[in-house]
Amino acid sequence: MVFWGIEVKPGQAFTYDCKAVPERLHITQATLGAGSSSERSVLQCVVGGKSPVFLCSLLPDKFETCPLNLEYEEDDEVSFSTVGPRSIHLSGFIEIVGDDDDFEP
Amino acid sequence: MVFWGIEVKPGQAFTYDCKAVPERLHITQATLGAGSSSERSVLQCVVGGKSPVFLCSLLPDKFETCPLNLEYEEDDEVSFSTVGPRSIHLSGFIEIVGDDDDFEP
Amino acid sequence: MVFWGIEVKPGQAFTYDCKAVPERLHITQATLGAGSSSERSVLQCVVGGKSPVFLCSLLPDKFETCPLNLEYEEDDEVSFSTVGPRSIHLSGFIEIVGDDDDFEP
Amino acid sequence: MVFWGIEVKPGQAFTYDCKAVPERLHITQATLGAGSSSERSVLQCVVGGKSPVFLCSLLPDKFETCPLNLEYEEDDEVSFSTVGPRSIHLSGFIEIVGDDDDFEP
Amino acid sequence: MVFWGIEVKPGQAFTYDCKAVPERLHITQATLGAGSSSERSVLQCVVGGKSPVFLCSLLPDKFETCPLNLEYEEDDEVSFSTVGPRSIHLSGFIEIVGDDDDFEP
Numbered sequence: 021m022v023f024w025g026i027e028v029k030p031g032q033a034f035t036y037d038c039k040a041v042p043e044r045l046h047i048t049q050a051t052l053g054a055g056s057s058s059e060r061s062v063l064q065c066v067v068g069g070k071s072p073v074f075l076c077s078l079l080p081d082k083f084e085t086c087p088l089n090l091e092y093e094e095d096d097e098v099s100f101s102t103v104g105p106r107s108i109h110l111s112g113f114i115e116i117v118g119d120d121d122d123f124e125p
Numbered sequence: 021m022v023f024w025g026i027e028v029k030p031g032q033a034f035t036y037d038c039k040a041v042p043e044r045l046h047i048t049q050a051t052l053g054a055g056s057s058s059e060r061s062v063l064q065c066v067v068g069g070k071s072p073v074f075l076c077s078l079l080p081d082k083f084e085t086c087p088l089n090l091e092y093e094e095d096d097e098v099s100f101s102t103v104g105p106r107s108i109h110l111s112g113f114i115e116i117v118g119d120d121d122d123f124e125p
Numbered sequence: 021m022v023f024w025g026i027e028v029k030p031g032q033a034f035t036y037d038c039k040a041v042p043e044r045l046h047i048t049q050a051t052l053g054a055g056s057s058s059e060r061s062v063l064q065c066v067v068g069g070k071s072p073v074f075l076c077s078l079l080p081d082k083f084e085t086c087p088l089n090l091e092y093e094e095d096d097e098v099s100f101s102t103v104g105p106r107s108i109h110l111s112g113f114i115e116i117v118g119d120d121d122d123f124e125p
Numbered sequence: 021m022v023f024w025g026i027e028v029k030p031g032q033a034f035t036y037d038c039k040a041v042p043e044r045l046h047i048t049q050a051t052l053g054a055g056s057s058s059e060r061s062v063l064q065c066v067v068g069g070k071s072p073v074f075l076c077s078l079l080p081d082k083f084e085t086c087p088l089n090l091e092y093e094e095d096d097e098v099s100f101s102t103v104g105p106r107s108i109h110l111s112g113f114i115e116i117v118g119d120d121d122d123f124e125p
Numbered sequence: 021m022v023f024w025g026i027e028v029k030p031g032q033a034f035t036y037d038c039k040a041v042p043e044r045l046h047i048t049q050a051t052l053g054a055g056s057s058s059e060r061s062v063l064q065c066v067v068g069g070k071s072p073v074f075l076c077s078l079l080p081d082k083f084e085t086c087p088l089n090l091e092y093e094e095d096d097e098v099s100f101s102t103v104g105p106r107s108i109h110l111s112g113f114i115e116i117v118g119d120d121d122d123f124e125p
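Protein chains in written order, with this note's numbering: chain A, 21 to 125; chain B, 21 to 125; chain C, 21 to 125; chain D, 21 to 125; chain E, 21 to 125.
Treat the hints loosely; a few may be bogus.
Which copy? The list can't say, so a pair holds if one copy fits it or any two copies do.
27 Å max Cα-Cα, derived DSS-like pairs, lysine-lysine [claimed, not checked]:
hint, residue 1, residue 2
1, K29, K82
2, K82, K39
3, K39, K70
4, K70, K29
5, K39, K29
Source of the hints: derived by calculation from the structure; they are not laboratory data.
Whole structure, please, built from the sequences with the hints as guidance.
Rendered as structure tokens:
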């Protein structure tokens, strides 16, 4: 397992192409980025041409971090973006497919 | 594992038929949908003809997202609905039964 | 895995006898039930003749749901009850012991 | 897996000696005990002669329960205590080492 | 599994060198340290020469502890630090690579 982390900035979707890498991505935490706006920032995810799904909603000065438990091994690209004024930091880890955690008799 | 996400809208139950698919559904997060009402929205689940069970309760501007850890491999249909004025987005992942995560000697 | 959920009502302990069933119970979420009281409701558990243990504390309009991670395969009966004015809904899943998730060479 | 729970009272450290038992302890939840003080109660842990580590901080009427994910198989004794006026209930489960969950070819 | 815990103090980054030890580190909880400032304290992580990633944000008197789910087996050093006036205690456990939890046919 290796650490994985990014900052999803307002107006800049982060796109993840699972097929390009022999890895399995686990996202385990979201945390509000720096800034002064007191409005909520929502993290959303779009897979293929489907409707956006809200993954979490962070509230400045009240509720600024939350655990997630998401895994991605998609055929389609995954796009993460924020709805709101502040960035959202995502963290987790990457499992290298075929690494020594796998059982191979 | 592939991403799974839906929006459960007020007045529109989402029904999931586990028997129709060779998959195992894991629901790992619930997040309040867009809207202006400040009343709570509760996610509930009905399996077969049993009583509804509340799965989480989301409070606008206070507590808008929470982790869940639910798995469904039912013989009966599962119906998700909201009690309250706003929709609830559910996210998680689907494990394809028989995929390369399973141990097959 | 099949869904499991109950409502623990004030004054009505819910008793679970692990020995009566070839199953393993995982409780993964607690959510405050309907009602108007603003006092806290605490979920407690008694196993055999031991002292009660508080499992979670839910606060109306502030903190109405929380994840749990409990497993029960007891020789003794397990009794769940609420301390407070409102019911608490518990949800999770049941693993059938001996099902196809187990590794059996 | 069998249920495990204790109440850690102010001024009374709870000591756990992993070597005395063929078990693996998982602590999965902390909940504030009964009382009227509105000050925070912090759970701390000391292993061997090391510095105390805060494991969680519970706030009356705001945030009274939280998930934990701790496992103990220490050579040294583990001591849990509270910093603050109220007790903290800990719950989780015990895995008997060598039980039927383990893989034994 | 053995318990692992540290206090990350303001102005003193904690550096972890995964390659120096035959271990896998799991960080599972963060808790605000003692102090009187009411400003938020953010935990951040830097791996190699990459940008810092916020792992959680703790708010005095509102939200002082949160679960994490991070694993580190890096080739690069990992550096944890706080942004804010108070220390953050991290806890979790260490899995000894090659211990009796691993499957070795």
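Consistency of the hints with the structure:
no., hint, verdict
1, K29 with K82, "both (20 Å within a copy, 23 Å between copies)"
2, K82 with K39, "neither (38 Å within a copy, 38 Å between copies)"
3, K39 with K70, "both (18 Å within a copy, 23 Å between copies)"
4, K70 with K29, "both (22 Å within a copy, 16 Å between copies)"
5, K39 with K29, "within (24 Å within a copy, 32 Å between copies)"
Taken one by one, the earlier hints fail for this structure only at number 2.
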